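Asker: Sequence:
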Amino acid sequence: MQIRLVRPADLPACAALLRRAAEEAILHESSAEDAAAFLAEHDEAGLRRNLDAGFVYHVALARGDVAGFIGLRGHSHVFHLFVDRSRRRQGVARRLWEAARAAALAADGGHAGVFTVNASNAAVPFYAALGFERTAPTQHARVPYNPMRRGSAGVPLVGAP
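Mapped onto the numbering used here, the consecutive letters of the sequence shown carry residue numbers 1393 to 1553.
Among the hints, a few may not be true.
Claimed, not checked - Label-pair restraints from in silico Cβ distances:
{"no.": "1", "residue 1": "Gly1505", "residue 2": "Glu1425", "range": "35 to 45 Å"}
{"no.": "2", "residue 1": "Ala1504", "residue 2": "Ala1432", "range": "13 to 23 Å"}
{"no.": "3", "residue 1": "Ala1499", "residue 2": "Pro1400", "range": "13 to 23 Å"}
{"no.": "4", "residue 1": "Ala1494", "residue 2": "Ala1521", "range": "17 to 27 Å"}
{"no.": "5", "residue 1": "Gln1394", "residue 2": "Glu1436", "range": "19 to 29 Å"}
{"no.": "6", "residue 1": "Thr1530", "residue 2": "Leu1453", "range": "13 to 23 Å"}
{"no.": "7", "residue 1": "Ala1504", "residue 2": "Ala1424", "range": "39 to 49 Å"}
{"no.": "8", "residue 1": "Thr1527", "residue 2": "Glu1421", "range": "32 to 42 Å"}
{"no.": "9", "residue 1": "Ala1424", "residue 2": "Arg1399", "range": "26 to 36 Å"}
Hints in this document: simulated from the structure, not taken from any laboratory.
Treat the numbers as computed from the prediction; the structure is a model and nothing was measured.
We treat Cβ as the ideally placed atom computed from N, Cα and C, and that holds for glycine.
Can you build the whole structure from these sequences, using the hints too?
Answerer: Encoded structure:
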């Protein structure tokens, strides 16, 4: 498996993966209107807007196909992390996280090592296993999400695994 920065040519496959994964694991918790709005905001054009705004995306490729991708905003907020259903539970998400985290720390010499994410309900256990902990109750903006934070320099916050 290869992990590298996303290229514009990767965006259609990333957007298709995001749509499939959201429909499988996230959007059933939202109204039809909110689900449609979420998909419209996170389509190929939305990913392109994020890249243009300075988000940093990494993609995992397996045999040339997009197995997953991660996007960070401001070197500290995990904005997207999606893995193809056929590649889940194979370490792809963890490898993407490690690559994005290392790149963020290297890009920002003064990085405090603090990362945040608004995790879907389905993703909370994964992020908890990485050392993230909830910082607020479940919120809702188009989809339910759980604000989480990972502490300084890879050290989990108190109470995190």
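Asker: If you check the beta carbons of Gln1394 and Glu1436, does the distance land in 19 to 29 Å?
Answerer: Holds, since Gln1394 and Glu1436 (Cβ atoms, about 22 Å apart) stay within the stated range.
Asker: Cβ-Cβ distance between Gly1505 and Glu1425: within 35 to 45 Å?
Answerer: holds (39 Å)
Asker: Return holds or violated for the Cβ distance of Ala1424 and Arg1399 against the range 26 to 36 Å.
Answerer: holds (34 Å)
Asker: The hint says 39 to 49 Å between Ala1504 and Ala1424; measuring C-beta to C-beta, is that right?
Answerer: holds (40 Å)
Asker: For the pair Ala1499 and Pro1400, does the Cβ-Cβ distance stay inside 13 to 23 Å?
Answerer: Given about 20 Å between the Cβ atoms, the range holds.
Asker: Just tell me: holds or violated, for the beta carbon distance of Thr1530 and Leu1453 against 13 to 23 Å?
Answerer: violated (33 Å)
Asker: Is the gap between the beta carbons of Ala1494 and Ala1521 within 17 to 27 Å?
Answerer: At 18 Å between Cβs, range holds.
Asker: Evaluate the given range 13 to 23 Å for the C-beta pair formed by Ala1504 and Ala1432.
Answerer: The hint (13 to 23 Å, Cβ to Cβ) is violated, given that Ala1504 and Ala1432 are roughly 34 Å apart.
Asker: Cβ-Cβ distance between Thr1527 and Glu1421: within 32 to 42 Å?
Answerer: This hint is violated: roughly 20 Å between Cβ atoms.
The earlier numbered hints that this structure contradicts are 2, 6 and 8.
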